[in-house]
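Colleague: Here's the letter readout for the chains.
Protein chains: 4
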Amino acid sequence: MKITEINILEEIEIENPIFIEALPGIGHVGKLAADHIIDELNATKFAEIYSPNFPPQVFVDEDGIVASMVNELYYVKEVGSDKLNFIILVGNTQGLSPEGQYGICRDILEFIKPLGIEKIYTLGGMATGQPVETPSVYGAATDNDNIDILKEHNIKIRSNDGGIVGASGLFLSMGKRFGMNGSCLMGETPGYFIDAEAAEAVLLKLSEILNFDINTDKLEERAEETREMLSKAQQMEQDLMNKATNKDRDDLRYIG
Amino acid sequence: MKITEINILEEIEIENPIFIEALPGIGHVGKLAADHIIDELNATKFAEIYSPNFPPQVFVDEDGIVASMVNELYYVKEVGSDKLNFIILVGNTQGLSPEGQYGICRDILEFIKPLGIEKIYTLGGMATGQPVETPSVYGAATDNDNIDILKEHNIKIRSNDGGIVGASGLFLSMGKRFGMNGSCLMGETPGYFIDAEAAEAVLLKLSEILNFDINTDKLEERAEETREMLSKAQQMEQDLMNKATNKDRDDLRYIG
Amino acid sequence: MKITEINILEEIEIENPIFIEALPGIGHVGKLAADHIIDELNATKFAEIYSPNFPPQVFVDEDGIVASMVNELYYVKEVGSDKLNFIILVGNTQGLSPEGQYGICRDILEFIKPLGIEKIYTLGGMATGQPVETPSVYGAATDNDNIDILKEHNIKIRSNDGGIVGASGLFLSMGKRFGMNGSCLMGETPGYFIDAEAAEAVLLKLSEILNFDINTDKLEERAEETREMLSKAQQMEQDLMNKATNKDRDDLRYIG
Amino acid sequence: MKITEINILEEIEIENPIFIEALPGIGHVGKLAADHIIDELNATKFAEIYSPNFPPQVFVDEDGIVASMVNELYYVKEVGSDKLNFIILVGNTQGLSPEGQYGICRDILEFIKPLGIEKIYTLGGMATGQPVETPSVYGAATDNDNIDILKEHNIKIRSNDGGIVGASGLFLSMGKRFGMNGSCLMGETPGYFIDAEAAEAVLLKLSEILNFDINTDKLEERAEETREMLSKAQQMEQDLMNKATNKDRDDLRYIG
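Chains as they are written, first to last, in my numbering: chain S, 262 to 517; chain H, 262 to 517; chain Y, 262 to 517; chain V, 262 to 517.
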């Protein structure tokens with residue numbers, strides 16, 4: 262049943278790395294944060310991950326070059342005062358179906374477990390649906406020890422208030438079955454735009470917990486670029502929607 | 262094709278157990294009833310079941326600890342005056358797709374059949390769509406002998422009035438192909454809230470049929486807790502929905 | 262990839278049988294017709310077919326007994342003045358997804374091909390969306406020879422007017438790849454109720470082509486029974502829909 | 262996991278062919294263009310491709326003959342002044358799900374790679390959602406060299422403006438992982454009707470790049486035929502929709 266394709270770019274050895282997951286989700290919070298870590302800490306890509314469950318499409322970059330839907334694994338060594346090693350999972354998409362999400366998560370955990378991973382941090386947004394003054398960071402974890410760590414850093418603990426949907430939740434719960442423990446950090450965000458402030462809030466808590474410095478100056482710039490790309494795509498799509506009814510589009514899809 | 266993961270916690274021996282299925286469904290009737298049996302009779306969990314077809318999410322409990330989507334098997338021995346043995350299937354979710362439902366049901370039946378199961382009771386709600394004064398219990402069965410038992414206990418027999426959707430129906434019909442027979446007990450419920458009274462009605466009929474005593478005092482309390490958890494999650498979701506259009510949320514899902 | 266379960270009740274030998282497919286579809290036309298043939302000609306069930314892609318539910322009959330979602334194969338020998346042998350496929354459901362439809366069709370064709378099948382008739386309805394005075398029968402076929410047969414019996418030929426969706430189309434096109442040829446007979450029907458008249462029209466054309474007599478007196482009775490069962494199920498469902506919003510029902514489905 | 266069925270009609274040898282993909286999509290632009298190439302250049306079909314993920318239906322042609330959902334591979338040798346060889350992928354449908362799209366694309370690339378393919382052109386439409394005066398052709402590519410070729414021929418380069426959905430995007434990005442490079446040519450089209458002008462624009466650019474002559478006189482005729490077929494199918498469907506509520510149709514689908 263292993264249908265995820267993992268393309269290994271570099272065989273790595275790394276001591277007791279911490280795994281950071283941050284795929285696109287609510288407000289792009291986790292992804293913005295992790296892309297920023299990768300840039301600022303100069304992390305190195307060592308594997309690309311393709312899944313049949315990713316959306317069947319490509320993105321086009323500013324030069325007209327097509328980009329696959331992909332998840333990517335990076336590593337970076339000896340970060341911060343504790344000389345920690347990180348494995349970071351980023352990407353431009355998540356799986357689309359329950360089975361896809363489950364299979365991708367399991368296949369990635371099986372691939373990285375032999376690297377000696379015991380600790381996971383998953384990064385995401387927590388949608389408030391309302392404007393947020395100064396975004397708080399909320400947390401949840403696999404166990405009480407990790408909850409205590411979150412509390413030490415003044416992270417608010419989520420309590421009985423629904424679930425965490427997608428990779429950020431799944432990597433924690435499945436990670437537990439792989440003998441890993443960890444936490445999810447969620448930046449408060451309205452949830453309906455690319456939110457650099459929530460990403461910064463998450464990033465600062467993560468760097469505080471893991472004891473490393475990170476410059477967040479370029480984070481807003483990065484968010485702005487993402488917003489521009491999305492807004493062009495939305496405009497085009499909106500125009501089309503206004504003209505074509507669902508029915509018309511379905512016909513074009515099915516009948517040749 | 263066996264992709265359900267069954268994590269065995271304890272190898273058990275048990276004589277001729279009765280299988281009780283009660284996964285979440287209409288009005289949470291079956292699940293409330295079965296969770297209550299497990300607590301009151303002090304049943305022991307012996308297996309956890311994970312499926313790629315469960316929703317790709319986790320729940321967060323009151324302490325901030327994440328909980329997997331899972332089905333669970335419990336056993337309890339020598340219940341009531343007939344010293345009956347029970348295997349009870351509960352959980353926080355059902356499979357999402359037809360194939361998931363089918364595969365999970367089949368894999369669980371294959372797993373528990375060697376324990377010597379011949380008799381099944383599935384518990385659920387029957388939605389009326391209207392307020393219910395005093396919930397009746399309705400029944401359906403795999404064969405006439407079981408229908409007779411239901412009638413002896415003044416359970417109303419469903420007749421040519423549509424189907425039973427989900428695990429409660431599927432375990433009966435597939436169980437038949439595994440050489441098992443049994444009945445489905447359905448508590449009348451409006452169907453749009455967590456219904457402790459319907460659960461109590463089902464529970465009392467089941468205990469009457471199987472000849473054991475059960476105290477239902479804490480059932481309303483349990484229903485209240487479930488309602489609170491759901492209502493927080495709904496509030497949060499509602500706020501988000503009010504702000505974000507479908508379109509916006511889709512964009513955030515697909516584009517990284 | 263063969264995941265359809267075929268339960269063989271009797272190993273049969275049969276000379277050069279004609280395969281008649283009539284699963285539930287538009288107006289229940291095909292199914293009514295085939296169920297009637299089976300009863301009137303006293304056909305014998307020799308196999309039951311279960312698929313993970315059937316709806317995850319059971320029906321409840323008038324005595325409260327649950328019935329699986331199932332497709333069934335019947336045979337009947339020496340029918341009519343040409344002493345023809347028939348294999349008839351009926352059931353209470355079709356597969357739900359494209360992959361399910363495809364897989365079920367292929368697995369059934371592989372199972373029955375060794376019986377020596379060369380000729381297929383698929384029976385169904387053609388929805389007009391409007392009241393129909395006297396239903397005509399329309400036809401399509403795998404090749405010109407079969408089109409000629411249809412024309413001889415004054416069956417109207419469909420022409421460039423869209424497609425045939427579901428098993429009636431798929432069994433013809435895939436049958437062709439299995440070395441079989443055949444036709445689809447479609448009774449004109451409004452499409453939104455159980456239509457005994459359209460079924461009768463199809464039945465009379467089929468019996469004319471294959472040269473056997475069939476009494477259609479009880480066909481309207483059969484249609485009436487089906488209507489009653491459906492209308493009870495619809496009433497119950499309607500009541501529920503009126504009370505519960507989609508949101509509520511989704512919560513009950515996912516959160517335990 | 263290879264579930265696509267490839268029916269080989271002729272084993273071919275061909276030197277360094279260029280692969281042209283044009284399955285039905287936005288405005289039918291790519292499909293119209295490729296069907297026209299096949300006719301005008303007298304290309305030969307050498308393989309038929311069937312997938313469980315194609316829609317479970319058949320089309321009926323003007324003589325009443327049913328046609329499978331299918332993709333087809335054609336070849337044509339020594340085209341134009343550069344004596345180029347082409348492999349052309351056309352069809353009457355694309356896969357319906359992400360996994361279907363992915364699997365079909367991968368299985369076709371694996372099948373044709375041994376023919377020595379290094380270069381891909383995918384043809385499609387780019388929906389504007391608005392009337393288009395004179396359709397421009399837009400391009401995207403796997404790399405800068407191909408972008409340069411597009412620019413030489415005054416093809417507008419897409420830039421950071423969203424994605425390319427479906428086979429036209431996927432064949433490029435996955436082709437890259439198979440060691441192929443190439444471009445996507447997209448004709449500007451409103452997107453909600455069969456657009457012969459956009460197809461002509463794409464066709465002229467392709468023939469210019471690949472240095473062959475093609476007569477586009479019959480292109481509008483071909484578009485007209487496609488429009489007629491679709492409009493009959495739509496009319497019938499519309500009539501039905503107006504009468505039957507969703508609920509009715511679902512009942513007919515599920516309950517037998």
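None of these hints come from the bench; they were simulated from the model.
Please note that a few of the clues may not be correct.
In this list, chains with the same sequence are indistinguishable; a pair is considered to hold if it fits within one copy or across any two.
To be verified - Derived pair list, reagent style EDC-like, types lysine to aspartate or glutamate, alpha-carbon separation capped at 16 Å: (1) 306 to 474; (2) 437 to 478; (3) 437 to 404; (4) 479 to 404; (5) 380 to 478; (6) 417 to 323; (7) 380 to 404.
Colleague: 16 Å Cα cut-off: does residue 306 pair with residue 474 within a copy, between copies, both or neither?
Modeller: Cα proximity of residue 306 and residue 474: none, with 21 Å in one copy and 46 Å across.
Colleague: Regarding residue 380 and residue 478, is the shortest C-alpha distance of 16 Å or less found within a copy, between copies, in both, or in neither?
Modeller: neither (28 Å within a copy, 43 Å between copies)
Colleague: Treating 16 Å as the Cα threshold, decide for residue 417 and residue 323: within, between, both or neither.
Modeller: Result: close only across copies, 12 Å inter versus 40 Å intra.
Colleague: I want to check one pair: residue 380 and residue 404. Are their C-alpha atoms no more than 16 Å apart within a copy, between two copies, both, or neither?
Modeller: within (12 Å within a copy, 39 Å between copies)
Colleague: For the identical chains here, do residue 479 and residue 404 meet the 16 Å Cα criterion within one copy, between copies, both, or neither?
Modeller: neither (34 Å within a copy, 28 Å between copies)
Colleague: Within a copy, between copies, both or neither: which one fits residue 437 and residue 478 at a CA-CA cutoff of 16 Å?
Modeller: Neither way: residue 437 and residue 478 sit 35 Å apart in one copy and 35 Å across, limit 16 Å.
Colleague: With identical chains, the pair residue 437 and residue 404 could be close in the same copy or across copies; at 16 Å between alpha carbons, which is it: within, between, both, or neither?
Modeller: Intra 9 Å, inter 42 Å, cutoff 16 Å: intra-copy only.
Checked against the numbered hints listed earlier, the structure breaks hints 1, 2, 4, 5; every other hint is satisfied.
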